[in-house]
Amino acid sequence: MTSYPNPLPRPKEELAELERVWQPPSGFGIVTAVNNTYIGIYYVGTAVLFFLLAGILALLMRVQLALPENDFLAQDAYNQVFTMHGTIMMFLFAVPAVEAMAVYLLPNMQAARDLPFPRLSAYAFWAYAVGGLFFFCSLLFGVAPDGGWFMYPPLTSYQHSPGIGADFWLLGIGFIEISAIAGAIEIAVGVLRTRAPGMTLDKLPVYCWAMLIFAGMIIFGFPAVILCTALLEIERAFHWPFFIAEKGGDPLLWQHLFWFFGHPEVYIIFLPAAGFVSMIVPTMAQVPLVGYRWVVLALIATGFVAFGVWVHHMFATGIPALSLGFFSAASMAVSVPSGVQVFAWIATIAKGRLRLSVPSLFTLGFLAIFTLGGLTGVMVAIVPFDWQVHDTFFVVAHFHYVLIGGMVFPMFAAFYYWIPTASTRPLSETLGRWFFGLMFVGFNVTFFPMHIMGLLGMPRRVWTYPAEMGWGWLNLLATAGAALMTAGVLVFLADLLRNFRPFGDRNAGNVWNAGTLEWLPNGNYASRSIPSVASRDPLWDQPHLAKDVEAGRYYLPGAPTGKRETIVTSPIDAQPQYLLQMPGPSWPTVLAAWSTAVFFLMLTVKLYWLSIIPGLAAVAFVIRWLWETDPGYYHPPVDVGGGVVLPVYATGPVSHSWWAMIVLILVIGSIFACLVFAYLFLWTVSPDVWPAATGLPLPDLVWPLASAGLLGLSSVVIALGGRALARSWHWLVRGAVLVAVPLPGLALWAELLGQWRTGLRAPDSGYAAVVYMAGALQGTLVVVVAIMALYTLARSLCGLLDARRRATYDNTMLLWHYAVGQGLVGLALVHVTPRLLG
Amino acid sequence: MGDSSWGYARETLRMTAGLLVWAAHLAIVYGIVAMACARGHAASVTVAWVGAVTVASLLATSVILVTAVRQLGRGGDSRRFLDAVTAMVAGFSLIAIAWDGLPALFVPACPG
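Protein chains in written order, with our numbering: chain P, 3 to 840; chain V, 517 to 628.
Treat the hints as calculated values from the structure; they're not laboratory data.
For each label pair, taking beta carbons as the anchor points, the in silico distance ranges come out as:
hint	chain 1	residue 1	chain 2	residue 2	range
1	V	Thr-583	P	His-819	29 to 35 Å
2	P	Gln-288	V	Asp-593	21 to 27 Å
3	V	Met-551	P	Asp-543	55 to 61 Å
4	V	Met-551	P	Gly-697	20 to 26 Å
5	V	Leu-618	P	Leu-839	27 to 33 Å
6	P	Leu-10	V	Leu-588	40 to 46 Å
7	V	Leu-588	P	Phe-345	21 to 27 Å
Sample of chain P residues with no beta-carbon within 12 Å of chain V, all distances over it, derived:
hint	residue
8	Val-344
9	Tyr-467
10	Leu-492
11	Leu-666
12	Gly-777
Some chain V residues flagged as far from chain P (calculated, every beta-carbon gap over 10 Å):
hint	residue
13	Ala-558
14	Ser-560
15	Ala-564
16	Ala-572
17	Leu-575
18	Ala-576
19	Ser-578
20	Val-585
21	Gly-589
Cβ coordinates follow ideal geometry from the N, Cα and C atoms, glycine included.
Throw the hints in and build the complete structure from the sequences for me.
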């Protein structure tokens, strides 16, 4: 006889209370919804919208290239169209789409009621949706960027792209990156801390593993593009010459930073897709995944090795041959983990009996197309071959096989597979088969000829070509294929219109007889009770699980604190640790996101002074949103069932907010590490603008020493304030914060004044620019910690901070100490390095 | 205690130790060659440094692999899984480091 955490029958009012607490807002207030079942679907829908928009741009290009010497699109328009197509597909479709799916799926798959920061998900979504639409609209006004999705300077710097097109890219995409990072923080903390009790790391669904690695890759990969977009925007706005060779900058610095993000980006969108496939294949074959450990190994290995291949985008730039050899080898090595996964899926199919439904068809299509893309990937990893096909249509064919095969096909498999969890009706098998057939044939007819075009020498990014080159029939064929794909997408949209009915009280149910928890009966509150898990496919191994969960026999069958709650578990063995009260629908969150988007738009169109208004509004709305968080131990511990009594609050290392702060610090640290790389890289290539060569003196050591002293003092004062808080010496805490706040700013002032007095000016050289940039990065951090400290002070004055209710202080202190650490390393970089290296 | 926040950090570092060595190896050999070619250092010295770093990385990863293999099969499901992944990651890293270092035997350090 199984023993359950909670006995039956459950009190009648328990379910009603759970439903009341999780009731979504109604009417126009629906935009304030923060629940994953709403935000996830808004998010996926918006990503699909951008897929359609970028797809229309692809069609425009195919029409233009269908015939030689065609004049359907002018050259300028074509440049904008291919730039926007790539940019939107990568930044506004692919990454948001996989994050969106995670926001929707992860809590259900882990039997959490929601991800730990629902308002952060909502903020990320709205920032992305509004910012993305502004970005797209630049095309309608003919001011879209036209320098390619990789935006190489010097083409995109102020001399050669003087309009605002490049600024749209740099600020617009920079803004979207913030949204992606917010999503990654949510996903990383969600996977590690909000799992069903007993869902140890060895029982974690492979999709959750994939999303954990995905989040890690965003945390370490996106900072490189954040830094390089900031550097290029600053070069454009203030003429600091990071990328101008005549002044000791280097355009290759951009390529290094961009591709250090750009290549992992491919895996950032592939790993979630591989996660989809690892969930779909076992269900469709009705057997557990073969080689679970090997697949986890493959995900981890890909997450690392993907960062070691960026130089293969730069094989034609004159980098030393031996360096090319290292990256060529790494580029081949990265195909091994993908191969491991492909064999695991084939073995699973072989072990079971594959049901040839629409998700299976898209999965098989993915296997065929992605494998071909992987093989051409190994071809272009070979340096001499790459030199032959570099910047030709062969490369276009290769990356579309990888990206459409590796991400879009699994995404559609996932839509057909998981829509029954979100809709009262599943999508149509018949329409789905037509969709798959048109997509598979259309894709290959479009992109296979591009291999041949490339081998025949057709370069990428040309708006037209002469008839005598002989590329005409291949291009016409490719355009016909694009028409087939379009027809396929139209069939999909018709299927959605006909069958997709989200936000209902019920869903279509476990139509595939899947084994994982997202198929439990659920409502807006996720599952009625939170099961304990003893295997990887609990619905297969515990046949009564769904019924028992729905009856409320497992943990937390109601809403005992009268608020939205979920159980926070330990990161390795998923032991319940505390009950997290989660915030509900919120206007300030949405308004903060909209204000942030308007702020960035105004910066882009150079309304600098006016941008202060939405900028301040965004900060104010964020503060308003945060004010209700950090509730303290106002509620006694709660018995969630089975004798498990959980506290309703946590602070310090066990807290989910502390984890989010640590992840944020990893992001900021990665941005700083990229700046250190930029400094050393420019020193390597342009020692002639360094002080030893120019004769410009370095600042007297008294300045950096004073700066370091002030930084260290601020950390000591903040730490003492933390101790005072533990003793509830409130006035001492407030005094400590007030004393500490100006110190990092003074430290920065001392550093910058020291540099200024030597005559060093940022626009003079790559060296000067990177030195002042270290100050600018530190300055940003100083402003952020100052705002956080003053916010903490305000909470203290309002009586919202005490010896036990101190998550706000602890998290501020954590970032403060990091800021001091970064400041000290920065000082060492700009003062010690030139003295040591010359 | 092992499943605390710090315990998790330790476990993550342990599990990915092999790949961390791989990453350090790639960064260092890339830095050595970039510097050597920018500043015109002797090719033989450069290749010797690359070889030394590669051998040191292989040794470090071997130690991680052997240590992880010795742990295999002990404890509960979760522990066994973590140890197995640690060993598999180290094994993969060993091959990847050797493969990445191999070009030093065949390819000249800098363009002529």
